[in-house]
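**Q** The primary structure of each chain is shown beneath.
Protein chains: 4
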Amino acid sequence: MSDNASSVAPEIMSAMVAANDGSTRGYGDDVYTQQACEQLSKVFEREVSSFLVATGTAANALNLAAITKPHGAIFVHEMAHVHTDECGAPEFFTHGAKLLPLTGENGKLTPEAIERGLEDFPQGVVHHPQAQAISLSQVSECGTVYSLAEIEALSKAAHSHMLRVHMDGARFANALVSLGCTPAEMTWKAGVDVLSFGATKNGAMGVEALIVFDEALAVDLQFMRKRSGQLLSKGRFLGAQMGAYLKDGLWLDMASHANKMAALLAEGIESLPGGRLRFPVQANQIFAVIPKPAHKALMTAGAGYYPWGHEPDGVSVRLVTSFNTSKEDVAEFLAIATDAAAAA
Amino acid sequence: MSDNASSVAPEIMSAMVAANDGSTRGYGDDVYTQQACEQLSKVFEREVSSFLVATGTAANALNLAAITKPHGAIFVHEMAHVHTDECGAPEFFTHGAKLLPLTGENGKLTPEAIERGLEDFPQGVVHHPQAQAISLSQVSECGTVYSLAEIEALSKAAHSHMLRVHMDGARFANALVSLGCTPAEMTWKAGVDVLSFGATKNGAMGVEALIVFDEALAVDLQFMRKRSGQLLSKGRFLGAQMGAYLKDGLWLDMASHANKMAALLAEGIESLPGGRLRFPVQANQIFAVIPKPAHKALMTAGAGYYPWGHEPDGVSVRLVTSFNTSKEDVAEFLAIATDAAAAA
Amino acid sequence: MSDNASSVAPEIMSAMVAANDGSTRGYGDDVYTQQACEQLSKVFEREVSSFLVATGTAANALNLAAITKPHGAIFVHEMAHVHTDECGAPEFFTHGAKLLPLTGENGKLTPEAIERGLEDFPQGVVHHPQAQAISLSQVSECGTVYSLAEIEALSKAAHSHMLRVHMDGARFANALVSLGCTPAEMTWKAGVDVLSFGATKNGAMGVEALIVFDEALAVDLQFMRKRSGQLLSKGRFLGAQMGAYLKDGLWLDMASHANKMAALLAEGIESLPGGRLRFPVQANQIFAVIPKPAHKALMTAGAGYYPWGHEPDGVSVRLVTSFNTSKEDVAEFLAIATDAAAAA
Amino acid sequence: MSDNASSVAPEIMSAMVAANDGSTRGYGDDVYTQQACEQLSKVFEREVSSFLVATGTAANALNLAAITKPHGAIFVHEMAHVHTDECGAPEFFTHGAKLLPLTGENGKLTPEAIERGLEDFPQGVVHHPQAQAISLSQVSECGTVYSLAEIEALSKAAHSHMLRVHMDGARFANALVSLGCTPAEMTWKAGVDVLSFGATKNGAMGVEALIVFDEALAVDLQFMRKRSGQLLSKGRFLGAQMGAYLKDGLWLDMASHANKMAALLAEGIESLPGGRLRFPVQANQIFAVIPKPAHKALMTAGAGYYPWGHEPDGVSVRLVTSFNTSKEDVAEFLAIATDAAAAA
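Protein chains in written order, with numbering that gives the first Met the number 0: chain A, 0 to 343; chain B, 0 to 343; chain C, 0 to 343; chain D, 0 to 343.
Hint data in this document are derived by calculation from the structure and do not stem from the laboratory. A couple of the hints might just be wrong.
Which chain D residues stay away from chain A? Per the calculated CB distances, all over 12 Å, these [claimed, not checked]:
1) 25
2) 37
3) 38
4) 46
5) 84
6) 88
7) 105
8) 109
9) 148
10) 213
11) 219
12) 291
13) 299
14) 331
15) 337
16) 342
Computed footprint of chain B on chain A, listed as stretches where at least three residues anywhere in the stretch have a Cβ under 8 Å from a Cβ of chain B [stated by the list, open to error]:
17) 19-33
18) 49-57
19) 217-226
20) 231-242
21) 255-265
22) 280-289
Just so we're clear, the structure is a prediction, and the values are computed from it rather than from any experiment. By construction, the Cβ of each residue, glycine as well, lies at the ideal position given by its N, Cα and C atoms.
For reference, chain A alone in the conformation it holds in the complex (with noise of 0.2 Å):
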């Protein structure tokens, strides 16, 4: 189970294809990208910059390069995918900028690593890399989900030290839907700076929206995504994605359902002899040891999982639901592992 994995949301797929009737103009200048934009606008309560690409890698080293000089540093978790699951991404787009891991609980920053952090690498002196950032992910690395007192705290700290906020929001449905509160709320109203807005792992196809709260990042954007090749010609299919991805809801109806099949499967999991999580299951990502024969058996019966590391009472394991996990596949999914842990 993997969002990366899953197909396209067919109403995201049919509006692609109603797009291909007749020409537009090139490169994002487009109807569709118009639109596109309008309604992020709408999403967020208020006038926003916003900038497709075609993956989450793009976007966030995009937004990281907005943000920080090329010999600045970015505070992360040590576990944040822009520092481990993108090859050097950020560092590319910064031109070398430096990320700093910092350690914290269940794969959260907190006000207080950050504080260490600017102890070890202080800025205005010449020889450290100079921290100018902060970056987390909502949902986080762990598959946790910061509250909005958490991030008001962190961009707080952040701030009172000049640093800006980027969230990684590749799952970011799934964090709001969790929270229950807007997206304006989730944000900027939380002091987020920019934030990347991910759509391909809740059924589009690939396209994720730079949103930029701070007028005066978005000034060079323009330029950085098409020096990076992530300008598309045919930029009227990335605006058709999100456009039918934001329209009547569907992306939070979209979200809303991956997460209650986590916590479905969440539930069985725990259940399971042997079975337990690793951390609060709060969207969609669940983050696991189950037993041996469990794995063994869904593995066997062709799970589309990967192990996560081991733990000494078992396999760990994350699995990730999605907009089209059904509950017959979750239900499946329980009753091999619960067969083969109970024949153990």
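Fit chains B, C and D to the known structure of chain A by using the hints.
**A** Just chains B, C and D now, with coordinates in the frame of chain A:
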């Protein structure tokens, strides 16, 4: 008229819809991508390393980065797209290599120009940027097509100085059907080391392949692609596009049609009183001067092209035909222009 | 004859020896550096931010990085040292900005050339590298000197398009005494934003100052200098050099002498049968054509210069006089050349 | 007490003055540089490629760039100077490679830490930065010295994973005399691939050598040095420094003296009531905790050191002895500290 503004060929759109059925592994590790890469090896009559990306800018910039070190230099025609129209993407991906513009008739590089370039920037002298590659556009930026003999002569000159040869094939298919040769003949048999194999301008939604003929150059490209945010998680949709593009010669049929429409259009423009071609029309691009009244009438009628500089005797225009330009489109265009020119 | 091959002026060497007495704080936080910076503010008749580095390449590249973003472009003369002779240092320090070569007589940029450049690379269009600066060399690479009016006209043209103005003053002192104006007049009063103030070619061991006339541009330079390995731990020896260089007008006396020797040499070459100057000699560089026999005789005699391309009527040479070129050196050089030319 | 604040050894200063006699060719193509490079080959008992630069930051960053690609990663100790104190220079010169901090006692990397690092960042997986090198500091940032066996074990672990080995030898001489081995034994015989051979902290004015033991790695370095503004035009003064440094064992004598003074100082601090060493003193650096009153008295007396963090039982200080620290300096320091500690 522009091939960027075009829609997606129905066969390709259908293939994308079909590929949406079920789950696959992410990040290009899927059967669609695998099959597309195998097809590319067949097309080029040998094993090639190919990497799919979403934009031509990324394809060109990654290819140039594969053959040029940061302290290196690349000889290009002064009108080369990589030099003038990619907002510095080659410089970004190569980490600052220098593009050295050379002059040449009809948008073409010549061995002589390269020799002169090397006199200005002698290799091995520590003060100078180190020439390490040439980049030629086939079709060229003037709409002309290099003959096989011209490509061979360029490659020979380049290789004699240890320069690698990159071909920007954004309109590869149009050049190919214009020459009536095989893909192998137009590339590795003529000395090309790396190729940007374009599909987007010829009916795809957004897919280009880096084709690497020297395996040693391919080693780092998978990491460079990821790091530049060009590895799509739902990679199957790139694979599906490329597969459909190559299937049953669709790509060649589309390019052939576009070239024919360009020839018709060129013929008509030459017959216009006051109309003339600025460069030989050898593929699907027409650089022409048309009388001002014709230009005005066409603009009024909503013809989708851009003025392309000014000439004393009229308006300089660039017209690009595509797979879905119809005879009727051409006839209508010419009728408007002829009437206006006659009325003046 | 070359000012790079020259020794260090005795006054400067003595100052370095004197500065070796006792301990100081490291990394430029010493009294010698502080005093040198204060002297520079006096020289320029206003508060300036100055940063000492060890090479002209670093000074130029850091200055260009201070005024150009990675997606930016810099107009330069096609013969500019930053373009042809720094192995891509400006591209490295700017993270890939593009140097756009322009033509111009006598090695000089003109407002017209900049306007033409902007037509080819229109600002604000996302596809093009974004012109953000110009760089002019005073003395130029042809040995000519921009008049104050020429600098003002260039700056005006540049600023009207939001382009910043960099002056490569590797031979600043030679230009200054040639014009007979003040440092202020030749720089900020004429619109220069950042200056590479050279001392190495005029008798120092290895020190150049970045002079920044717009304080906002100076903010990041201390970090950029450190990050590029240009912050010397025993910085006092850069400070001591610059201090001695500026003290009691030593720098002006040395440049004045070098220019006089160049004038003498130029006069003698023009009198040679078959000798001619390729460009007006306005500072301490002579680009001349001398008859082959004269060239051969000079090479045999061990004259330290390099041939600089070939002309139909003789050998093209570049001669550079320096603070320690003597009248006797010049006379001997001319005697050898004259005898050989006469004997032929 | 700091070796950066120290003056230049008289023998080295004299050599620089002597080298000022007459003209030489520029840019390192002079007899002084040539002889220094030959001396370095003798010192290392084999042919080595060596490149002189003016700062340790440049030496380290260029060396790391020679062994790491932009998408690569380098394992370093979390306290490594290249990680914390060079304002991101390694990231700049490598074009964005990632420094991955590891923990280890006494400032030392271990094979185990490297293995753990590779578990977190598995090689060959396209999503992760690709580990390609390790960097170790000899003397370490805690003042400790790796034994030959430790270096060999590290190199073996590194090479078994195709990681190159860089040694930051800013205090190479101090480590060498501490171990009592040969330069060859401490480097290439123990598996080191590239070395930053420091001289500045041990009595030179500003010169460091990149020593490359694998010739293939040296090919691009001359261009990389030029491009980073590290090729000095009057290169003879780097050559002269290095020549004098190596001549007649001056470098070893100076390091030996500095180490002896450090031992004396360490002994005295350990005898202080309330004084203790934080790490074993094995070269010329002392990390110690001294009682607050002693610290206050020393500061009042103008002792030139910086507090280095705080410990519950006193003030944490870093003291560095150098070639010109005298027994009297040490005695005076200890007397002030002892009196103040006793009075408290």
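**Q** Go check the stretch 280-289 of chain A versus chain B for me, would you? Three or more residues, Cβ under 8 Å, otherwise it fails.
**A** As far as the stretch 280-289 of chain A goes, the hint is violated, because 0 residues have Cβ atoms under 8 Å from chain B.
**Q** In terms of beta carbon proximity below 8 Å, does the stretch 255-265 of chain A have 3 or more residues touching chain B?
**A** violated (count 0)
**Q** Does residue 299 of chain D really sit off the interface, with its C-beta more than 12 Å from all C-beta atoms of chain A?
**A** Holds, because the least Cβ-Cβ distance between residue 299 of chain D and chain A comes to about 25 Å, which exceeds 12 Å.
**Q** Take a quick look at residue 331 of chain D and tell me if its Cβ sits farther than 12 Å from every Cβ on chain A, holds or violated.
**A** holds, 29 Å
**Q** Mind verifying the non-interface call on residue 25 of chain D? Its CB should be farther than 12 Å from each CB in chain A.
**A** holds, 30 Å
**Q** Three residues or more, CB to CB closer than 8 Å: is that satisfied between the stretch 49-57 of chain A and chain B?
**A** This one holds; 6 residues, not fewer than the three required, reach chain B with a Cβ under 8 Å.
**Q** Once the closest CB in chain A is found, is it more than 12 Å from residue 46 of chain D?
**A** Label holds. Min Cβ-Cβ 33 Å, cutoff 12 Å.
**Q** If I take the minimum Cβ distance from residue 291 of chain D to any residue of chain A, is it greater than 12 Å?
**A** holds, 20 Å
**Q** If we take the beta carbon of residue 213 of chain D, is the closest beta carbon in chain A still more than 12 Å away?
**A** Holds, since 24 Å exceeds 12 Å.
**Q** So is residue 105 of chain D really clear of chain A, every C-beta pair being over 12 Å apart?
**A** Check passes; 18 Å lies beyond 12 Å.
**Q** Does the no-contact call for residue 88 of chain D survive, Cβ to all of chain A over 12 Å?
**A** violated, 9 Å
**Q** For residue 148 of chain D, which was marked as not at the interface, is the minimum beta-carbon distance to chain A over 12 Å?
**A** Label holds. Min Cβ-Cβ 31 Å, cutoff 12 Å.
The structure fails to meet hints 5, 6, 21 and 22 from the earlier list, while all remaining hints are met.
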